[in-house]
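*Asks:* What follows is the residue order along each chain.
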Amino acid sequence: MQRPQIRQEFISPSDGNWRPSMTDKHAIQDVLSQYVRATDERDGDAQARLFADNGMIRFFGRSGTEEYQLAGEPVIGAERIRRHMKEFFPPRPERTYQHHITTDHLIRVNGAEATMNAQFLVFSSVAARKPEDGWQAPPGVKGDITLIMIGYYDSDLRKIDGVWKLTRLDVQHSLPVFMG
Amino acid sequence: MQRPQIRQEFISPSDGNWRPSMTDKHAIQDVLSQYVRATDERDGDAQARLFADNGMIRFFGRSGTEEYQLAGEPVIGAERIRRHMKEFFPPRPERTYQHHITTDHLIRVNGAEATMNAQFLVFSSVAARKPEDGWQAPPGVKGDITLIMIGYYDSDLRKIDGVWKLTRLDVQHSLPVFMG
Amino acid sequence: MQRPQIRQEFISPSDGNWRPSMTDKHAIQDVLSQYVRATDERDGDAQARLFADNGMIRFFGRSGTEEYQLAGEPVIGAERIRRHMKEFFPPRPERTYQHHITTDHLIRVNGAEATMNAQFLVFSSVAARKPEDGWQAPPGVKGDITLIMIGYYDSDLRKIDGVWKLTRLDVQHSLPVFMG
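As given, the protein sequences belong to chains A, B and C, one line each in that order. Numbered per this note's numbering, the first sequence finishes at 272, counting up by one with no gaps. Numbered per this note's numbering, the second sequence finishes at 272, counting up by one with no gaps. Numbered per this note's numbering, the third sequence finishes at 272, counting up by one with no gaps.
Simulated from the structure, these hints should not be mistaken for laboratory data. Be a bit skeptical, because a hint or two may be false.
Stated by the list, open to error - Here are the simulated DSS-like pairs of lysine-lysine, each with C-alpha atoms no more than 25 angstroms apart in a straight line:
1. A:234 with A:222
2. B:234 with A:178
3. C:222 with B:178
4. C:234 with C:222
5. B:222 with B:234
6. A:257 with A:178
7. C:178 with A:234
8. C:178 with C:257
9. B:178 with B:257
The task is simple: from the sequences and hints, build the whole structure.
*Replies:* Spelled out as structure tokens, the structure:
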């Protein structure tokens with residue numbers, strides 16, 4: 093059978109169930125990859141752009157398999173999300189960087205609405221102070237890396253003007269969270 | 093609008109080589125994301141549903157780059173997999189949760205058969221005991237996170253009634269495994 | 093040619109912007125998954141095959157958010173990459189394996205050119221020595237796992253004869269790198 097030359101990403105099979113577009117799935121997962129970059133770069137503007145105008149971030153913690161406890165107030169609206177980065181995240185200590193990583197994305201798309209659940213971990217890398225007479229043996233990386241947070245990102249997204257935006261991002265820590 | 097009956101996600105280029113369907117690749121990777129959720133939730137039913145009736149899980153360990161050693165008996169059949177979770181996994185210690193994460197999935201599809209190899213890590217998060225007078229400074233997450241296992245998931249899958257199911261899942265630890 | 097109404101995995105929409113092919117995105121991410129396998133298996137041949145003839149690997153380190161510092165000389169050309177593995181990577185210590193993992197891939201495709209940025213972590217797993225009278229309680233894995241490196245892989249790729257190859261891979265450590 094001669095197949096058409098253009099690629100088609102999904103069809104409606106005879107059982108009537110829509111299958112999500114692979115372009116949508118990639119675009120949705122991309123939002124989270126951009127979110128962690130914005131977070132690690134402490135870029136509130138970039139982070140806010142990933143949210144719908146009335147989008148929301150909420151933080152939760154829990155002990156073991158107990159109920160999640162809301163920590164602090166939900167951050168509601170792109171403007172508050174933009175400012176939240178400046179106000180809530182302390183300046184990075186010197187010689188320090190952080191990496192938020194995400195894995196195992198479960199993405200479900202229904203037209204212009206979607207959900208995405210992923211696992212996240214946060215690592216802190218602190219460089220050693222460089223000695224006055226330069227680095228000493230042995231060769232390699234100089235500093236310490238610590239795993240400091242772990243949990244799930246649970247989210248809803250909406251496709252607005254062709255671009256997927258977060259309407260809800262719940263940061264569900266797998267440890268209790270104390271806001272201070 | 094009438095949609096074509098056959099899925100075309102990819103075309104048959106002039107060189108005659110089939111390229112795997114992207115919908116298939118997403119669905120296959122999804123199986124592993126669901127497997128780790130079921131494992132972390134200690135849900136033997138959810139885990140068993142990801143396997144073909146005669147599906148199998150085997151556990152291996154090794155030291156360095158030596159040969160993998162089979163640890164314990166293979167768990168064969170969806171029913172035994174369902175029970176295996178209850179019998180083999182001890183109840184979680186208090187204040188404890190685990191996260192199995194997977195990365196770097198190499199997926200090869202050939203019609204209704206597929207292979208998937210991924211890296212896995214397992215983390216244990218243990219919440220601190222909450223003091224009687226509440227959490228104390230500093231703010232943040234309260235507890236410890238430990239990396240406890242690492243290795244490869246190597247698997248075969250078959251598409252049964254339109255759904256990808258595991259026929260073989262080898263858990264290849266990069267440390268020796270002692271079954272006790 | 094009249095295009096069908098259904099979604100196509102890549103099209104040239106009326107705004108003139110090409111959208112990347114999902115097959116391309118999978119193939120590009122696959123290159124990094126294969127790169128980490130080749131690295132962990134110390135397979136210089138497999139690693140070199142992922143690069144264009146004039147491909148290049150460069151290593152960088154930094155402290156906190158300071159500028160990246162080039163560490164050592166760029167490794168230029170598939171032949172030098174093939175040899176680099178033998179010459180630069182010391183033989184694995186006994187009972188030791190390493191896992192390079194990658195996450196959060198941001199892939200942009202423009203025809204036969206692409207960029208890919210991902211996060212990476214490197215873990216070292218060292219098996220315990222097996223006691224003369226065999227492993228002792230408790231059951232489980234026997235050895236230690238340590239997180240030893242973290243950063244970003246930043247890369248360019250080109251599609252050559254239908255296969256995506258790395259033309260540039262920058263290993264951007266989030267710690268200072270001392271080459272010795």
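*Asks:* Hint by hint, say whether it matches the structure.
*Replies:* Against the structure, the hints:
1. A:234 with A:222: holds (9 angstroms)
2. B:234 with A:178: The hint holds at about 23 angstroms.
3. C:222 with B:178: violated (29 angstroms)
4. C:234 with C:222: holds (9 angstroms)
5. B:222 with B:234: holds (9 angstroms)
6. A:257 with A:178: holds (21 angstroms)
7. C:178 with A:234: With Cα atoms ~23 angstroms apart, residue 178 of chain C and residue 234 of chain A stay inside 25 angstroms; holds.
8. C:178 with C:257: holds (21 angstroms)
9. B:178 with B:257: Distance of about 21 angstroms is within 25 angstroms: holds.
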